[in-house]
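Visitor: In case you want the letters, here they are:
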Amino acid sequence: MQKTLFDKIWDAHVVKQVNEGPDVLYIDRHLIHEVTSPVAFLGLKKRGLKVFCPEKTTATPDHNVPTVNQNQAIKDELSRHQVEMLKMNCIEHNIVYHALGTEGHGIVHIIGPEMGLTQPGMTIVCGDSHTSTHGAFGAIAFGIGTSEVEMVLASQCIMQPKPKKMRITITGKLNKGVTAKDIALYVISKISTSGGTGHFIEYAGSAITSLSMEGRMTLCNLSIESGARGGMVAPDETTFNYMKGREFAPQGNEWDKAVEKWKNLKSDENAVFDTEFTYDAADIEPMITYGTNPGMGIGISQTIPSTEGMEGSDKITYEKSLNYMGYNPGEKMAGKKVDFVFLGSCTNGRIEDFRQFSAFVKGKKKAPNVTAWLVPGSKQVENQIREEGLVEILEEAGFELRQPGCSACLAMNDDKIPEGKYSLSTSNRNFEGRQGPGARTLLASPLTAAAAAVTGVITDPRELLAP
Amino acid sequence: MSYDKFTIIQSPAVPLPIENVDTDQIIPARFLKAVERKGFGDNLFRDWRYNKDGSPKADFPLNNKKYSGKILVGGKNFGSGSSREHAAWAIYDYGFRVVVSSFFADIFKGNAINNGILPVVVTPGFLQKIFDEIEKDSNTLFEVNLEQQKFTILSTGENIYFEINPYKKHCLQNGLDDIDYLVEMKEQIKAFEVA
Ligand code: SF4
Numbered sequence: 001m002q003k004t005l006f007d008k009i010w011d012a013h014v015v016k017q018v019n020e021g022p023d024v025l026y027i028d029r030h031l032i033h034e035v036t037s038p039v040a041f042l043g044l045k046k047r048g049l050k051v052f053c054p055e056k057t058t059a060t061p062d063h064n065v066p067t068v069n070q071n072q073a074i075k076d077e078l079s080r081h082q083v084e085m086l087k088m089n090c091i092e093h094n095i096v097y098h099a100l101g102t103e104g105h106g107i108v109h110i111i112g113p114e115m116g117l118t119q120p121g122m123t124i125v126c127g128d129s130h131t132s133t134h135g136a137f138g139a140i141a142f143g144i145g146t147s148e149v150e151m152v153l154a155s156q157c158i159m160q161p162k163p164k165k166m167r168i169t170i171t172g173k174l175n176k177g178v179t180a181k182d183i184a185l186y187v188i189s190k191i192s193t194s195g196g197t198g199h200f201i202e203y204a205g206s207a208i209t210s211l212s213m214e215g216r217m218t219l220c221n222l223s224i225e226s227g228a229r230g231g232m233v234a235p236d237e238t239t240f241n242y243m244k245g246r247e248f249a250p251q252g253n254e255w256d257k258a259v260e261k262w263k264n265l266k267s268d269e270n271a272v273f274d275t276e277f278t279y280d281a282a283d284i285e286p287m288i289t290y291g292t293n294p295g296m297g298i299g300i301s302q303t304i305p306s307t308e309g310m311e312g313s314d315k316i317t318y319e320k321s322l323n324y325m326g327y328n329p330g331e332k333m334a335g336k337k338v339d340f341v342f343l344g345s346c347t348n349g350r351i352e353d354f355r356q357f358s359a360f361v362k363g364k365k366k367a368p369n370v371t372a373w374l375v376p377g378s379k380q381v382e383n384q385i386r387e388e389g390l391v392e393i394l395e396e397a398g399f400e401l402r403q404p405g406c407s408a409c410l411a412m413n414d415d416k417i418p419e420g421k422y423s424l425s426t427s428n429r430n431f432e433g434r435q436g437p438g439a440r441t442l443l444a445s446p447l448t449a450a451a452a453a454v455t456g457v458i459t460d461p462r463e464l465l466a467p
Numbered sequence: 001m002s003y004d005k006f007t008i009i010q011s012p013a014v015p016l017p018i019e020n021v022d023t024d025q026i027i028p029a030r031f032l033k034a035v036e037r038k039g040f041g042d043n044l045f046r047d048w049r050y051n052k053d054g055s056p057k058a059d060f061p062l063n064n065k066k067y068s069g070k071i072l073v074g075g076k077n078f079g080s081g082s083s084r085e086h087a088a089w090a091i092y093d094y095g096f097r098v099v100v101s102s103f104f105a106d107i108f109k110g111n112a113i114n115n116g117i118l119p120v121v122v123t124p125g126f127l128q129k130i131f132d133e134i135e136k137d138s139n140t141l142f143e144v145n146l147e148q149q150k151f152t153i154l155s156t157g158e159n160i161y162f163e164i165n166p167y168k169k170h171c172l173q174n175g176l177d178d179i180d181y182l183v184e185m186k187e188q189i190k191a192f193e194v195a
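Sequences listed follow chains A and B, in order. Note that my numbering gives residue 203 to position 203 of the first sequence, counting from 1, and the numbers run on in steps of one. Note that my numbering gives residue 40 to position 40 of the second sequence, counting from 1, and the numbers run on in steps of one.
Here chain A stands alone, though its shape is the one from the complex (with noise of 0.2 Å):
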């Protein structure tokens, strides 16, 4: 039978098949962060177990962190609670965890690929939805609920239902200033917020294998937004570029091997999706988000969509959400005052992501009216971003860089946008009150948000990019 790669990925990792129920997975990653697992050791401690696998666990605290004097003791008391609380766990549980400040911390989609944990063929879990971002490298790679984190931690396997297959095909050749975030944004403003709902989605095509690791870990961290549980991408040259040398990849002659093993990860040529989709990358133009989801984007030339034909709910839910946002239909985006430049989170927290708004805004200056965050992914990220001498670039046109953490992705720390205020961000989700109680969000990708954080305005990157 001709098999597609994500069928080949999960029938490897079938324990049992549950008689008229859900498989049994095997699950060979499992990575915590501090906000969905400790109710998870609450129960293990309740039934009395141990985990199960602890070497296939990895923690790091990053959705509650503060970003700034990540040496003293956070000051939120919940908060140093719930990341003290997951060091305890770990110590008694013997899991390797990656402490604030520390070399290896981060957000957990980013430290996976970086630490080279996240590996083609894998299937990896983590109590977050962005979880699919580690489909990449041609991994199964999906979020959780705590109660599966306590699943996986009790045994090292989780019970799902195998969900249906996608293909998103994205053909030719992305224009000049398109990234991976727009091809992302443009597929879900097409198939809607449900439209990948009971799928896993993999993303093939010449605009796709041209795509830098970073650009397509952003591409299947967004696959979730479209309802789909993850995204995958098949592994090939990039793919290996990427990993080779990286502390847990492996090294020498297994190398080798592994590379030849992870060569035939692919869909056959003759294999069955469910669904299909095809878009041409030349269609694509920067996008940007003008509601409350991640549906709700346009190329950023174009204006906000009219309620005509809309009726019921539907026209209901579309209204409320402008409502929210203080803008009407027919308005045009290019020109709307921004507030607020989030660039960060596991979506566009990325070395690559840091490197674009560099070098675009190298020899300009950070508009006044805009407060701009920059938060790195992670520590490595941080690191490079000094090593590279991008921190300069950046101070100079009047950036400065906080530290690692999810931040302003979901303002659980301190990092929140002002009620009302006009947050243009790389994140994943402008849903109401994300980053912040009446918070208004913007999506967009980095070469976006630095086009914004110059001008103070929303703006066509594409108008200040070099020719």
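In case anyone wonders, no lab produced these hints; they're calculated from the structure. Virtual Cβ for every residue (Gly too), placed ideally from N, Cα, C. Be a bit skeptical, because a hint or two may be false.
Distance windows between CB atoms, simulated [as the list claims (entries may be wrong)]:
1) 77/A to 7/B: 39 to 45 Å
2) 51/B to 332/A: 29 to 35 Å
3) 7/B to 260/A: 53 to 59 Å
4) 59/B to 274/A: 38 to 44 Å
5) 60/B to 363/A: 48 to 54 Å
Starting from the known structure of chain A, fit chain B with the ligand onto it as the hints suggest.
Guide: Same frame as chain A, now just chain B with the ligand:
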């Protein structure tokens, strides 16, 4: 976790005719700092339910005395967004046992079942009927029969069959969870690791 066994529920329902209700609305991130699963119901739909000064917003259904019951009826694509199980805990803690919609986000659906909440998927047309019935009479009763997988509008007798995975149904009916099942399988899992 342990939850009550799910049998037959007869109850009025609370309408929330909004689409794409995401988990950030169900329970905003700033309330995720607890290390135990208690008391989340107070902050269910926090920012839709309360003004900044903590006073209830009169027009939000949960604050409307007219509406009550163990059934929450939401617009399509309910529970989209994050994997936070706190969303399911908040809904359960508030007192809901059933959420009805024409479409659920995957992770939410799984989290709900793992916490003793039954997600009932109905057709868009039937969903509208439910909203209409509640609009006509907010005390109107609905019946959720898990055994027969049937959701009934008692006043009219109209009903609809809903899908649920047989294994998950068994778990809900008996208040069991997957962890018991997996822990039983330990030897088999160890054998798989070696193979
Ligand atoms: S950056 Fe945002 S989406 Fe990513 S793990 Fe942190 S909170 Fe989740």
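Visitor: All hints are to be evaluated individually against the structure, with a verdict given for each.
Guide: Now for the hints, and whether the structure bears them out:
Residue 77/A and residue 7/B have their C-beta atoms about 42 Å apart, which keeps the hinted 39 to 45 Å range intact. In this structure, residue 51/B and residue 332/A meet the distance hint of 29 to 35 Å, their C-beta atoms being roughly 33 Å apart. Roughly 55 Å separates the CB atoms of residue 7/B and residue 260/A, a value that falls within the hinted 53 to 59 Å. Distance hint check for residue 59/B and residue 274/A: the Cβ-Cβ separation is about 41 Å, which falls inside the suggested range of 38 to 44 Å.
Here the CB-CB span from residue 60/B to residue 363/A is close to 50 Å, well matched to the stated 48 to 54 Å.
Violated hints for the displayed structure: none, as all numbered hints are satisfied.
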